[in-house]
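Asks: Here is how the chains run, residue by residue.
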Amino acid sequence: MNTTDLIALSPLLIVGLSAVAILLLISLRRNHRAVATLALGGLALAMASIPQAAAVAPHHIAPLMMADGYALFYSALLLAASFVVGLLSFDYLEQRGEQREEYYVLLLLATLGGLVLVGANHFVSLFLGLEILSVAIYVMVAYARSSPLAAETGIKYLILAGTSSAFMVFGMALVYAQTGTLEFGPMAAQLMQMEDFGLALPGMAMMLVGVGFKLAVVPFHMWTPEVYQGAPVPVTAFVATVSKGAMFALLLRFFAAFEADEAQPIMNILGLLAIASMLAGNLLALLEDNVKRLLAYSSIAHLGYVLVAFLAESSFGDEAVTFYLVAYFISTLAAFGVISVLSDGKSEADRMEDFRGLYWRRPMLATLMTAALLSLAGIPLTTGFVAKFAVVAAGVKAALWVPVFALALGSAIGLYYYLRLVVVMLSPVNPTDDSNSEATATDDAMSTRAPNPAILRPKKVPIGPAFALSILAIFLLGLGVLPTPLMDFIKSSVSELR
Amino acid sequence: MNPIPMEQSLMVAAMLFSLGLIGLLVRRNVIFMLISIEIMLNAAGLAFVVAGSHWQAADGQVMFLFIITMAAAEVAIGLALVLRLQSDLPTLDVDAMDQLKGGDDA
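So the sequences go chain by chain: A and B. Going by this note's numbering, the first residue of the first sequence is number 1, and it counts up by one from there. Going by this note's numbering, the first residue of the second sequence is number 1001, and it counts up by one from there.
So that you can see chain A by itself, here it is in the shape it has in the complex:
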């Protein structure tokens, strides 16, 4: 390991060292503010080290990691998302008087896992990154110890994630048995020389179970609504963005090593998963009244959309995937950020009813929520529109007609439930009759429960979330109006992939 390796790995090293520093600090003195500052500082420092790492990129840290423009772009994305989650978490945890400090250790470790994953070039680093990420998330999901849902959510996530890891590792073993190498590049080269994949085909199919679980695509999506609902809001935001984004980055790198028609059977499976996710995710979201669960189903559909661009298997497709993930990160973090700010020490603002009349009570937050939802729906002038446009263009260019059709159909269905929430935010607080509510089957269930009183009483948005949300708002609209600079930057970053 020489100096260049260390520079190329500096984001990972800084995040890892910050986690250790926090552990030491906690053992000396428990201070939530100091620990949070240290964690956010570590993330910011890691982000600041990316330009230095980019100066030596592309650099292959043999044999495990690859520090190229692609990995560094995704590293920056993950670090930024973790930073936002950290800002949201501080005020969220501040309202809950529990052991708050260890949360930041887990946040940093999970981020570290994500960073390992996006740079992984080898089965060992893939496995390590995946497990560092997962094991930290098991605890984060169950972190709100006072919540009666916490332990149940945690154990459900743990059992399902453990099973999917077992599938993934067994699949890796089969691929290794066939190829004799654990490195992505030589592995693809080996497989391309063979007339058929042999054991590697069932192996890759089993690995897809692990990948599909992390991405929460149908039929591996069952955990998503439950975990989204049961986990604390900032953790939900983290699971929705960092964990999925890191996995997708890895998927893209793994298959970029293959020739387009070599991995065709696997691509066919992924195509089916994408179509199923787009349709099932959007249809199931129609039935939801819990906003966190609604966003869970919507995220299932969104990962289906990204898979369409992935299936294009071109550098144009890679750019579309990356841009879509950036847009998805921004919109999702903004939506969960609003939910997190609206939540108080006792309950979370995750019911549809909590959002009724939000425009009249918290106009800024309601406007941001609307922008985030419109972006998720893909309405022009938001970044979600540009991203969806790029994905459709990539799909059309690769003549993927069925997935593109499913994408269009899914988006049309999706529009309904995003706009439903917008309409709820516009409606008056206490509906006198049912005519101005949106007449769903669960209306009576909603009207029997009073809205959360703390949400009716406006409070000031704390400085941390306010900062995070304003940045997200700027990007949400800014990239929708002016996407070209980011597009060009992504183009230069991902060009090394193929």
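Bear in mind the hints are in silico, worked out from the structure with no lab data behind them. Here a beta-carbon is modelled for each residue, glycine too, at the ideal position from N, C-alpha and C. Among the hints, a few may not be true.
Said to hold, decoys possible - Okay, the calculated bits of chain A under chain B, using three or more residues with CB under 8 Å as the criterion: (1) 144–152; (2) 161–173; (3) 212–218.
Following the hints, position chain B against chain A.
Replies: Structure of chain B alone, referenced to chain A:
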């Protein structure tokens, strides 16, 4: 070109994996589900060791060490959660864990 011993021992690993999966699906007790996951992970570890010996390389064994470590970390968290759960619910039956449901009873 694969010598038969590797296929046979991979078959053993696959059987072990299937047993773990069946256990996971049939059992309703959280502890036994965790044990089943452990069996599946160890089956994967066995497959790695077999493949490693076939290729005359240490890679498989290295991977096995990582798998053991990860399984231990996972089970540590799993058992901690089980203890927490036991204080909320009098049973370890997963079917009793139904508080997370759609809509209004959250």
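Asks: State for each hint whether it applies.
Replies: Evaluation of the provided hints:
1. 144–152: Per the Cβ count (6), the hint holds.
2. 161–173: holds (count 9)
3. 212–218: Our answer is that it is violated, as 0 residues pass the Cβ test (under 8 Å) against chain B, missing three.
Against the hints set out earlier in the document, a violation occurs for number 3 only.
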